[in-house]
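S.K.: Protein chains in written order, with UniProt numbering: chain S, 1 to 655; chain H, 1 to 211; chain U, 1 to 208.
These aren't lab readings, by the way, just hints derived from the structure by calculation. Treat each hint with caution, since some may be false.
[What the hints assert, rightly or not] If you anchor each label on the Cβ, the simulated ranges turn out as follows:
1) U:A147 / S:I231: 29 to 37 angstroms
2) H:N128 / U:D131: 20 to 28 angstroms
3) S:K213 / U:A147: 33 to 41 angstroms
4) H:D144 / S:K380: 48 to 56 angstroms
5) H:N128 / U:N112: 28 to 36 angstroms
6) H:E37 / S:E211: 18 to 26 angstroms
7) S:R342 / H:E127: 57 to 65 angstroms
8) U:I57 / H:N128: 41 to 49 angstroms
9) U:D55 / H:D144: 54 to 62 angstroms
10) H:Q93 / U:E49: 38 to 46 angstroms
11) H:T157 / S:N432: 42 to 50 angstroms
12) H:E146 / S:H533: 57 to 65 angstroms
All of these numbers come straight from a predicted model, not from anything done at the bench. Think of the CB as a built atom: it goes at the ideal place given N, C-alpha and C, for glycine as much as any other residue.
Single-letter residue listing:
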Amino acid sequence: MNIKDQYLDTTSISSLRSGVRPTKSQTSFNIQSRAQPSLSINLDNTIVQTIIPPVNNSLSGDIEDNSLLHSHPRLRSMQSISSIASRRTTRPNTSSDQLSVNTSFNPIIEQSFTYCNNNNNNIDDPSTIRTQDAAFGEEIRKDLIDRLAQSIYSYPTSLAGNTNEFKPVVSNEIPDVFINDNQIGSTFQSHAKNFFILTSAGKPIFSMFGEDKEIIPYMGIINTVVSYFQINESTNIKTIKLNKTKQTFAFTSKAPIILMAYSRRGETTNELMTQLDLLYSYLISSINERQLKRLFHNRSNFDLRNFLEVTDFDNLRQICSLLSNKLYPDFGLNALQCFVMRKNERARIHDTIHNLLINENKNIPRGTLLYGLILSYKRKMFKLCAVIRPKGHSLHTIDLQLLFSLITHQFENRDGDQELWLPICFPKFNSNGFLYSYIKYLSRSNSNNLGSSSSDIEDTVLVLISAQKDAFYKLKTFGDKLWNKLQSDKLNEYFIKDRFKFRISDIQAPLVHHFMYKIKKYVQYVMPEIEIHNDDTNKLNRYENKLKKFYGHLYNSVVDDNGLPINKTILNYLHWEEEEEEEVEEAEGNEIENDFQREKINMMGLIWITPQFELYLICNNGVNNKEIVLRSAKRIISWCKKYESRLFIQEGATF
Amino acid sequence: MSNPITSIKLVLLGEAAVGKSSIVLRFVSNDFSENKEPTIGAAFLTQRVNINDHTVKFEIWDTAGQERFASLAPMYYRNAQAALVVYDVTKPQSFIKARHWVKELHEQANKNIIIALVGNKVDILEENEEERKVEREEAEKLADEEGLLFFETSAKTGTNISEVFLGIGEKIPLKGLENEHANGGLNVTEDQRVNLANTANASENASACSC
Amino acid sequence: MSTRKKNILKVIILGDSGVGKTSLMHRYVNDKYSQQYKATIGADFLTKEVNIDSDKIATMQVWDTAGQERFQSLGVAFYRGADCCVLVYDVTNTKSFQNIKSWRDEFLVHANVSSPETFPFVLLGNKIDADDSKKVVSNKAAQDLAASLGNIPLFFTSAKTAINVDTAFQEIARSALQQNQNDADAFEDDFNDAINIQLDNDTNSCSC
Chain S
1 MNIKDQYLDT TSISSLRSGV RPTKSQTSFN IQSRAQPSLS INLDNTIVQT IIPPVNNSLS
61 GDIEDNSLLH SHPRLRSMQS ISSIASRRTT RPNTSSDQLS VNTSFNPIIE QSFTYCNNNN
121 NNIDDPSTIR TQDAAFGEEI RKDLIDRLAQ SIYSYPTSLA GNTNEFKPVV SNEIPDVFIN
181 DNQIGSTFQS HAKNFFILTS AGKPIFSMFG EDKEIIPYMG IINTVVSYFQ INESTNIKTI
241 KLNKTKQTFA FTSKAPIILM AYSRRGETTN ELMTQLDLLY SYLISSINER QLKRLFHNRS
301 NFDLRNFLEV TDFDNLRQIC SLLSNKLYPD FGLNALQCFV MRKNERARIH DTIHNLLINE
361 NKNIPRGTLL YGLILSYKRK MFKLCAVIRP KGHSLHTIDL QLLFSLITHQ FENRDGDQEL
421 WLPICFPKFN SNGFLYSYIK YLSRSNSNNL GSSSSDIEDT VLVLISAQKD AFYKLKTFGD
481 KLWNKLQSDK LNEYFIKDRF KFRISDIQAP LVHHFMYKIK KYVQYVMPEI EIHNDDTNKL
541 NRYENKLKKF YGHLYNSVVD DNGLPINKTI LNYLHWEEEE EEEVEEAEGN EIENDFQREK
601 INMMGLIWIT PQFELYLICN NGVNNKEIVL RSAKRIISWC KKYESRLFIQ EGATF
Chain H
1 MSNPITSIKL VLLGEAAVGK SSIVLRFVSN DFSENKEPTI GAAFLTQRVN INDHTVKFEI
61 WDTAGQERFA SLAPMYYRNA QAALVVYDVT KPQSFIKARH WVKELHEQAN KNIIIALVGN
121 KVDILEENEE ERKVEREEAE KLADEEGLLF FETSAKTGTN ISEVFLGIGE KIPLKGLENE
181 HANGGLNVTE DQRVNLANTA NASENASACS C
Chain U
1 MSTRKKNILK VIILGDSGVG KTSLMHRYVN DKYSQQYKAT IGADFLTKEV NIDSDKIATM
61 QVWDTAGQER FQSLGVAFYR GADCCVLVYD VTNTKSFQNI KSWRDEFLVH ANVSSPETFP
121 FVLLGNKIDA DDSKKVVSNK AAQDLAASLG NIPLFFTSAK TAINVDTAFQ EIARSALQQN
181 QNDADAFEDD FNDAINIQLD NDTNSCSC
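Produce the entire structure from the sequences given, and follow the hints as far as they go.
M.R.: This is the structure:
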């Protein structure tokens with residue numbers, strides 16, 4: 001099974017389940033198929049994919065050095081906010097000779113797997129008695145995978161073919177073509193998505209779902225699977241896919257930490273791996289890598305759970321939820337969103353900051369302030385209002401997302417006018433040390449004059465970052481002066497209320513339901529406001545999840561095995577439509593649904609990637625005229641270009 | 001505003017979850033939140049109170065109680081004129097930790113630092129006296145020996161919270177009155193960098209560019 | 001506080017195949033005895049919450065490893081970070097008793113523990129419910145062995161009739177917790193490693 005097939009495979013999974021077939025209708029420009037650096041093997045129904053060590057490493061070489069990120073230096077999370085141009089040309093040379101390594105990993109399957117589909121967690125009760133035979137190593141491997149799968153396999157069968165979540169389609173909604181995997185049941189197996197973090201000794205650190213008594217044995221199994229491949233195959237296992245049950249397990253091993261993502265949502269290995277990278281990065285932001293190594297040095301039994309704060313677990317849960325249930329383009333696009341304001345307004349703010357920096361040069365000596373941000377926070381999303389940074393220096397978007405998740409949490413617990421001084425490690429900047437963040441809440445406003453719906457509250461926050469742990473008072477003085485100055489010049493009014501938020505209808509782009517547009521050199525993106533379901537968290541989550549899946553499919557349609565676009569310039573349309581024969585839905589207590597004639601699903605999306613920008617676009621249901629869609633896409637692009645200086649921070653206050 | 005103002009730099013120390021942030025929240029906002037999240041790093045808050053004819057401005061450092069942040073503590077208490085060492089009257093371990101903090105403050109902090117030993121969560125005792133695990137006498141003894149102010153408080157009900165800050169304020173103001181503008185006696189710091197008042201004044205006239 | 005997570009104690013059970021490791025573990029965790037013989041593949045994992053000395057609570061993560069030698073390559077992974085190692089022999093099987101020392105050595109070689117001299121082991125002689133006629137390992141021999149291994153705790157157990165199982169695991173948990181809590185130097189000053197930031201000095205903010 002090659003990689004191309006895998007992609008098709010994942011999409012066909014969804015189509016099978018939902019009765020909707022995605023069709024790749026057109027791919028212009030040349031798509032090259034690439035040799036893959038990883039090896040996937042179809043064990044009957046089971047694909048085991050491992051990372052093959054680089055050729056210059058001996059097969060028995062340093063296992064820990066085969067770190068996933070090294071093997072995949074181009075995980076698509078590797079851009080920073082000021083990178084001048086995103087060059088995609090330095091892709092790792094995955095020469096074919098790598099594939100010849102590790103030929104021993106060539107299983108001969110003598111018996112096929114059977115997975116018992118019951119609701120018991122059968123890990124301690126293997127159904128068969130194993131006997132010794134020649135394919136013994138193979139047997140162990142199968143057994144491990146078997147157990148991994150078995151113990152997480154059992155979920156209510158009613159979920160598997162559940163397509164009765166279709167709602168009457170209204171004009172500002174799009175249909176859901178994907179399986180509704182909202183959790184039913186209470187055990188950790190019933191979740192379509194889960195994350196596990198454990199130590200290299202198999203001790204639990206975190207799981208998104210699950211009670212200790214279920215999770216602790218399971219952590220042992222994960223640990224054994226990872227160890228088995230490290231020791232017996234000299235590889236880091238990357239992923240296990242079970243086609244029969246549509247389960248994917250993705251692993252990251254970074255001694256002394258092991259992470260595993262589990263998904264029944266057809267996510268690709270790369271998607272899951274980048275998600276694991278974010279979770280690992282969060283851990284590092286809280287306890288840096290040097291500290292982590294020291295804690296486990298001569299103490300491999302260390303219980304990291306007791307070292308972390310309640311806040312850390314809350315934040316990990318929050319990140320998992322963003323990754324699993326929210327649109328979260330900050331992460332998906334590796335870019336940040338910007339608070340819209342007029343060009344001259346933004347320029348005045350940045351000039352003010354810049355002048356103050358010069359004037360305060362004595363009180364805040366060069367080197368004290370490393371980075372500064374004014375952020376707007378609304379509905380758990382951050383937008384950049386202003387950026388203060390040294391020329392030629394920048395912070396990685398992942399680092400900023402970690403900062404945001406820390407601030408999110410503090411927002412929900414803030415009292416009065418407290419200012420915070422937080423040590424935080426920015427793993428993509430320097431994973432071995434801490435920086436210190438001065439955080440001050442500037443203002444709060446309610447854009448909705450009628451009511452006090454919390455979703456309309458906009459907060460503004462100032463963040464000043466230093467490498468000096470005792471720089472608090474210097475940054476505080478600077479921050480106070482900056483805020484006074486912005487207020488006295490009435491500049492604060494530009495960012496306390498979002499005056500220029502736009503809807504999709506503000507752009508003359510017919511048939512387009514939603515889009516995301518990213519300018520690569522700024523590492524920033526824009527998208528229209530999501531204005532439906534804002535009063536209903538469940539509905540909003542479902543809607544965002546839907547968008548997330550459409551966009552995920554779009555992106556996955558044009559990337560290679562490393563999750564990188566197959567070409568520098570790509571224009572691709574994707575189609576989701578219903579198959580003819582459709583399962584008769586069982587209406588279990590659905591009173592309303594049946595009264596409506598459900599609209600036929602006929603969805604189209606467009607992805608357009610160039611060296612300068614990326615455009616992702618979802619059309620309204622029923623649209624299949626590519627010419628019109630392309631015209632709309634071009635209008636969006638020219639609209640974004642026209643308002644570029646409003647929509648994006650181009651320079652910021654550099655010093 | 002015609003009152004003379006004294007600034008008091010105050011730091012809260014103590015084991016995690018003894019209620020440091022709750023004490024501050026009660027003092028600053030007269031509020032209480034049952035499920036308060038732990039502090040990460042440290043939070044800085046200010047509160048003005050009038051003591052007699054005098055305005056005292058508390059500049060409060062609410063520090064994280066978790067062990068892994070312990071090494072950051074000296075940064076906060078180094079220039080403090082007052083410290084609250086907080087423990088939980090139902091948690092003996094937290095009192096042991098409080099002893100450690102008192103010792104460390106005597107060794108490392110400003111010699112004239114006013115320390116208040118604060119046993120928090122007495123509201124739990126009102127429901128069930130058997131929950132008490134740190135005897136009042138034991139704490140009073142420590143306070144006597146080490147020359148500390150001593151209070152038993154409840155941030156939840158507000159019991160004794162303002163008394164703590166009042167007690168500290170009363171021990172300091174005269175000095176502050178004399179040196180209000182000179183800024184001398186109060187800030188016995190070797191480290192002028194963190195003297196906020198000085199830097200703030202200096203910046204008014206200083207030209208950014210020295211040439 | 002309830003938010004505080006309990007200590008996780010990783011406990012490894014070692015011993016020859018068939019000495020009853022899995023049965024012991026099941027007896028302890030589920031309080032049931034499974035007659036059925038099962039050759040373990042790799043390892044089985046069970047968990048149980050334990051109260052130690054009535055004031056400490058921990059969660060025991062028991063790793064029941066396979067007795068067969070062919071699994072020894074995975075030893076490193078299994079033994080890494082263990083808080084206690086339980087050595088089990090069968091009182092009706094001399095060979096299993098003779099092998100205890102090599103199991104211990106095997107563990108120490110692979111586990112890479114920081115101080116092998118003080119690492120907690122517990123010795124269990126299982127199947128004492130068997131007919132006396134079948135018992136071939138004397139109590140004396142077992143006591144001598146326990147003494148020679150550094151006075152490690154010794155229990156005679158029966159997974160079948162539940163004799164001494166709880167007591168033994170209490171001791172196992174206690175030893176494990178002791179090992180687990182040696183974290184004295186965990187909290188060093190981690191904030192003194194300042195990051196050196198090199199800003200380009202040529203772009204001085206003062207232009208004159």
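S.K.: Take the hints in turn and mark each one as holding or not.
M.R.: Against the structure, the hints:
1. U:A147 / S:I231: 29 to 37 angstroms: With Cβ atoms ~35 angstroms apart, the hint holds.
2. H:N128 / U:D131: 20 to 28 angstroms: Between N128 (chain H) and D131 (chain U), where Cβ atoms are some 56 angstroms apart, the hint is violated.
3. S:K213 / U:A147: 33 to 41 angstroms: At 37 angstroms between Cβs, range holds.
4. H:D144 / S:K380: 48 to 56 angstroms: With Cβ atoms ~51 angstroms apart, the hint holds.
5. H:N128 / U:N112: 28 to 36 angstroms: Between N128 (chain H) and N112 (chain U), where Cβ atoms are some 48 angstroms apart, the hint is violated.
6. H:E37 / S:E211: 18 to 26 angstroms: 22 angstroms, holds
7. S:R342 / H:E127: 57 to 65 angstroms: The hint (57 to 65 angstroms, Cβ to Cβ) holds, given that R342 (chain S) and E127 (chain H) are roughly 59 angstroms apart.
8. U:I57 / H:N128: 41 to 49 angstroms: 21 angstroms, violated
9. U:D55 / H:D144: 54 to 62 angstroms: 30 angstroms, violated
10. H:Q93 / U:E49: 38 to 46 angstroms: This hint is violated: roughly 21 angstroms between Cβ atoms.
11. H:T157 / S:N432: 42 to 50 angstroms: With Cβ atoms ~46 angstroms apart, the hint holds.
12. H:E146 / S:H533: 57 to 65 angstroms: 59 angstroms, holds
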